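Protein chains: 2
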Amino acid sequence: MKKFINQVDDILVESLQGFAKAHADIVKLHLSPNFITRQHKAHNKVALISGGGSGHEPLHSGFVGKGMLDAACPGYVFTSPSPDQMLAAAEAVECGKGVLFIVKNYAGDVMNFEMAAEMLSVPNATVLTNDDVAVLNSSYTTGRRGVAGTVIVEKTLGSLAETGADLAQCVAFGEKVNQRCGSMGVALTSCTVPAAGKPTFDIADHEIEMGVGIHGEPGRKREKLRPANDIVEDMINAILHDFESRNISPSQGVILLVNGFAATPLMELYLLYHAASDQLKQHGINIQRSLVGNYTTALDMAGASITLCASDAEILQHWDSPVHTAGLRWGI
Amino acid sequence: MKKFINQVDDILVESLQGFAKAHADIVKLHLSPNFITRQHKAHNKVALISGGGSGHEPLHSGFVGKGMLDAACPGYVFTSPSPDQMLAAAEAVECGKGVLFIVKNYAGDVMNFEMAAEMLSVPNATVLTNDDVAVLNSSYTTGRRGVAGTVIVEKTLGSLAETGADLAQCVAFGEKVNQRCGSMGVALTSCTVPAAGKPTFDIADHEIEMGVGIHGEPGRKREKLRPANDIVEDMINAILHDFESRNISPSQGVILLVNGFAATPLMELYLLYHAASDQLKQHGINIQRSLVGNYTTALDMAGASITLCASDAEILQHWDSPVHTAGLRWGI
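Line by line, the protein sequences are chains A and B.
Add 69 to the 1-based position in the first sequence for our numbering, that's all there is to it.
Add 69 to the 1-based position in the second sequence for our numbering, that's all there is to it.
Hints were generated in silico from the structure; no laboratory data involved.
Predicted, not measured: the structure shown is a model, and the values here were computed from it.
Hints may contain errors.
Copies of the same chain look alike in the list, so a pair counts if it works inside one copy or between any two.
Keeping only pairs whose Cα atoms sit at most 30 angstroms apart, straight-line, the calculated DSS-like set for lysine-lysine is [claimed, not checked]: (1) Lys293 x Lys267; (2) Lys71 x Lys166; (3) Lys245 x Lys135; (4) Lys71 x Lys350; (5) Lys72 x Lys110; (6) Lys267 x Lys166; (7) Lys350 x Lys97; (8) Lys245 x Lys293; (9) Lys245 x Lys90; (10) Lys71 x Lys267; (11) Lys71 x Lys290.
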């Protein structure tokens, strides 16, 4: 295993400490239990809290800040955070309008956020993200996995919450955005979990894992490496087929997110974007907004995912609004 | 070779097309010869143009936009752009105050930018970046290599140019910032140039290349993989020793850039940042500003570099000013 680390047990805290120091104008780190809050507490809004296993950075800590999350609870690598983290985070950021948890659909995360929700004394609710169209049920999941569409949910819901919308409005909008997202990933290499010290799965030099999950979970099938255009065509078709099966129409256009899993260079991500935009054009679908980069990663995996969000005026308005986080920043 | 590509010969143009479409609000792509300009041409300022071989994205195309570059000339992968690209770019963006080329110190780039400069009919000048403290002379270089410090030069010089400063003022400031930058890189893996189809160098599972260049050029020495803190200590010491030998004082603090070469996850980059900030504290050096991420990459190499810029009030002012590019954005 070749990583920049000191001791495996110290990776998370050392990385969080570096993150908090590098972005001290935006975030504040709390330890034991571990959570990240905004440096300046917000007022009179629904407090948005997300979290999940680490190794997907900038998700979620990188999205704490004005216009997105109020707090994030990082678990150990690929391990759910515990309810005490969520409770402490909720206590720190709640500001009179209740707490909304944004949870990616993985068994451990769902269970622990549910426990926290039950123990919480303030009004609270949960929006579950499950945008991965690749498989139904998976290694860590009952039902679809929550992947990079979560970034779009956190950005747009973050914007709505900033307007002072109440908990019910936030839940309804978050669920709407999640339902209008579809994602499909592909891996060129495995990731290596530090505590395991070896690749999560074996994959030959000529193979790709189509529909891979962000923890290296199996996807739909192992395929031969093909030209990027062919791979992207299959990914876009998988998402559009899913949209059709759920009566989601991209007729008002889409937000197109080409997301790297960490080890794939920007040059290749833009090539994938080019292929995706050609595909969408052939389907008569307009790209309303774009995002290209590493936003929901899988440790050191080479690979990428494509997310389409069937947008409408409300979603675009909340996508465009100002945001100031370590991972996404515009308008401020 | 495992990459998202169609044909090796088409990588650059397809990637540029994706880049330009994804950021159509910021940039405009010109083909044959290839260059990127701002979508909205600036007026009454020195036109800043950079360029170099591709494979270092977001450098330089990702830094075209308000507050940074007026144009970028991308060559093929790890290959200098040609003078016709620079001349066409200069013609497109010159707006009355002359042209300033920002050139990383590599033999091919220096030669081609010099040819363009000689052929150009408008007033022009060049700022050469050579911030890499690892080696004097290298595979592609006479003298020190230009690496991630170039981002700091482009950001701060971009800001100064935006104020209407004249060509001489821009040259003087650009040279000052470059002189106050020092960088040191380390590779965990090689990169793979698409046209070569195989790794540029062999490196064992327990080895690192200390002082590696951003094209996979040899560094100072091949070492054993060690704890991140030890690696960072050597990198910081190398930079501070270089500063001392050149009478550069970081007594007013530094801008600390922890730059990923592409395949190293953000989690590890923040861990490196944590180690670097501890080292600097031991040396009594204040971190004034921070940047962590993939800004000057080396195709698909795993590794990272640390850049220190011995800042002063003028440099910080130009670092903080608004910028709106694909790769860096704040204040707008």
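So, going through the hints one by one against the coordinates:
no.: 1; hint: Lys293 x Lys267; verdict: both (23 angstroms within a copy, 19 angstroms between copies)
no.: 2; hint: Lys71 x Lys166; verdict: neither (46 angstroms within a copy, 49 angstroms between copies)
no.: 3; hint: Lys245 x Lys135; verdict: within (22 angstroms within a copy, 35 angstroms between copies)
no.: 4; hint: Lys71 x Lys350; verdict: between (41 angstroms within a copy, 27 angstroms between copies)
no.: 5; hint: Lys72 x Lys110; verdict: neither (35 angstroms within a copy, 43 angstroms between copies)
no.: 6; hint: Lys267 x Lys166; verdict: neither (45 angstroms within a copy, 57 angstroms between copies)
no.: 7; hint: Lys350 x Lys97; verdict: between (43 angstroms within a copy, 20 angstroms between copies)
no.: 8; hint: Lys245 x Lys293; verdict: neither (36 angstroms within a copy, 52 angstroms between copies)
no.: 9; hint: Lys245 x Lys90; verdict: between (35 angstroms within a copy, 27 angstroms between copies)
no.: 10; hint: Lys71 x Lys267; verdict: both (10 angstroms within a copy, 20 angstroms between copies)
no.: 11; hint: Lys71 x Lys290; verdict: both (28 angstroms within a copy, 18 angstroms between copies)
Of the numbered hints stated above, those contradicted by the structure are hints 2, 5, 6 and 8, listed in ascending order.
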